[in-house]
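Go ahead and model the full structure; you've got the sequences and the hints to work with.
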Amino acid sequence: MNDPGGTRVAVYIDFDNIVISRYDQVHGRGQFQRDKVRGFTRTDRSADPDIAEKLRRATVDVGAVIDFASSFGTLVLTRAYADWSAPVNADYREQLVSRAVDLVQLFPAAAYAKNGADIRLAVDAVEDMFRLPDLTHVVIVAGDSDYIALAQRCRRLGRYVVGVGVAGSTSRALAAACDELVTYDALPGITPAGAQAEREESGSGPPARGSRRTKRAATVVADETDPEPEDPQELATRLLERALRLGQEKDDADWLHSSAVKSQMRRMDPSFSERALGYRSFSDFVKSREAIAELDETDPVRLVRLNPAITAE
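When we follow this note's numbering, the leftmost residue of the sequence shown carries the number 112, and every step to the right adds one.
Since the hints were made in silico from the structure, they are not lab data.
Just so we're clear, the structure is a prediction, and the values are computed from it rather than from any experiment.
One should not assume that every hint holds.
In silico EDC-like cross-links for lysine to aspartate or glutamate, where the CA-CA straight-line distance does not exceed 16 angstroms [unchecked claim]:
hint : residue 1 : residue 2
1    : 398       : 408
2    : 361       : 291
3    : 165       : 135
4    : 147       : 159
5    : 147       : 135
6    : 398       : 345
7    : 398       : 352
8    : 373       : 407
9    : 165       : 202
10   : 373       : 405
11   : 398       : 380
12   : 398       : 385
13   : 165       : 194
14   : 373       : 352
15   : 361       : 290
16   : 373       : 385
17   : 373       : 341
And the structure:
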């Protein structure tokens with residue numbers, strides 16, 4: 112994995128665009144509006160468990176998007192644009208704030224109307240490029256053709272433009288306007304919508320929507336207000352795996368420099384510290400995760416790769 116060094120990245124997320132596109136990708140075009148998901152409240156005891164299950168299946172992994180953006184360099188600003196008073200968006204607020212994402216509030220003129228995210232996002236992005244001349248990369252998380260002009264302007268101003276969109280909802284013209292465009296399904300750690308549906312239908316995934324087990328689960332989720340914190344060791348393991356997947360995707364190489372992998376992990380989670388987890392060195396930390404990673408110490412420069420058993424799955 113190449114160390115991005117002095118590259119500085121700005122991330123702009125049209126959050127409504129991604130949430131709606133993902134829901135429609137999983138459940139069918141136009142289904143978000145037909146199901147009236149925008150005003151759906153999970154914690155309401157009268158809430159339809161079928162819609163709750165459909166929302167769960169179409170959940171957007173914001174962390175995967177931000178981690179991918181961080182693989183280009185240091186994130187100097189990350190903004191998400193949406194109507195945060197809408198319950199479907201409000202469910203993500205804690206996740207976004209924990210990743211230091213600025214939440215920009217937009218007020219739609221009417222239900223399901225365009226909220227002006229494209230205009231506000233574009234104005235902010237152009238202003239930021241002049242205000243922060245050291246910005247090297249711009250990541251636009253949206254597949255809307257409305258962002259073609261913004262992508263073209265960013266490139267004319269000398270920035271490397273990366274687009275992230277949902278397959279089936281991303282404009283081909285936007286792809287042509289970007290230096291690089293990646294679909295959400297292709298991000299490391301994301302299960303493609305088709306594969307997810309096949310797994311759940313085969314019985315190896317969560318129960319089918321509408322079942323009694325699903326309804327009981329929905330009730331339990333509504334009652335949970337203070338979930339237990341995750342095990343730091345498990346979080347660190349997942350962080351290592353995602354960093355390795357990102358490195359292999361970007362460099363098209365199996366073996367990555369250990370120092371570059373650690374730098375990527377620190378960009379994704381600045382709180383990461385192998386010493387805080389009880390290891391004397393990063394190499395010791397990697398060795399303890401042999402089910403996830405392999406370490407090559409035959410040369411002075413230590414190399415790490417994802418365990419081949421995982422890549423073969």
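A quick look at each hint next to the structure:
The suggested pairing of residue 398 with residue 408 holds, with an alpha-carbon distance near 11 angstroms, which does not exceed 16 angstroms. About 11 angstroms separates the Cα atoms of residue 361 and residue 291, which keeps this hinted pair within 16 angstroms; it holds. Proximity of residue 165 to residue 135 is assessed by CA-CA distance (about 10 angstroms); at most 16 angstroms being required, the pair is judged to hold. Only pairs whose Cα atoms come within 16 angstroms are accepted, and residue 147 paired with residue 159 is accepted, the gap being roughly 11 angstroms.
Under the criterion of a C-alpha separation no larger than 16 angstroms, the hint pairing residue 147 with residue 135 is consistent with the structure, at around 12 angstroms. Among the hinted pairs, residue 398 with residue 345 is consistent with the structure: their alpha-carbon atoms are about 15 angstroms apart, no more than 16 angstroms. A threshold of 16 angstroms between alpha carbons decides the hint, and for residue 398 with residue 352 the separation of about 13 angstroms falls inside it, so the pair holds. Restraint check: the Cα-Cα separation between residue 373 and residue 407 comes to about 15 angstroms, which is no more than 16 angstroms; the hinted pair holds.
With a C-alpha separation of about 14 angstroms, the suggested pair residue 165 and residue 202 falls inside the 16 angstroms cut-off, and the hint holds. Proximity of residue 373 to residue 405 is assessed by CA-CA distance (about 14 angstroms); at most 16 angstroms being required, the pair is judged to hold. Of the supplied pair hints, the one linking residue 398 and residue 380 is violated, its CA atoms being roughly 20 angstroms apart against a limit of 16 angstroms. In summary, the hint linking residue 398 to residue 385 is supported, as the alpha carbons are separated by about 12 angstroms, within the 16 angstroms threshold.
Between residue 165 and residue 194 the alpha-carbon distance is near 21 angstroms, which puts this suggested pair outside the 16 angstroms criterion. With a C-alpha separation of about 11 angstroms, the suggested pairing of residue 373 with residue 352 holds against the 16 angstroms cut-off. Taking the CA atoms of residue 361 and residue 290, the gap is about 14 angstroms. The hint holds against a cut of 16 angstroms. For the hint linking residue 373 to residue 385, the alpha-carbon distance of about 10 angstroms falls within 16 angstroms, and the restraint holds.
A threshold of 16 angstroms between alpha carbons decides the hint, and for residue 373 with residue 341 the separation of about 21 angstroms lies outside it, so the pair is violated.
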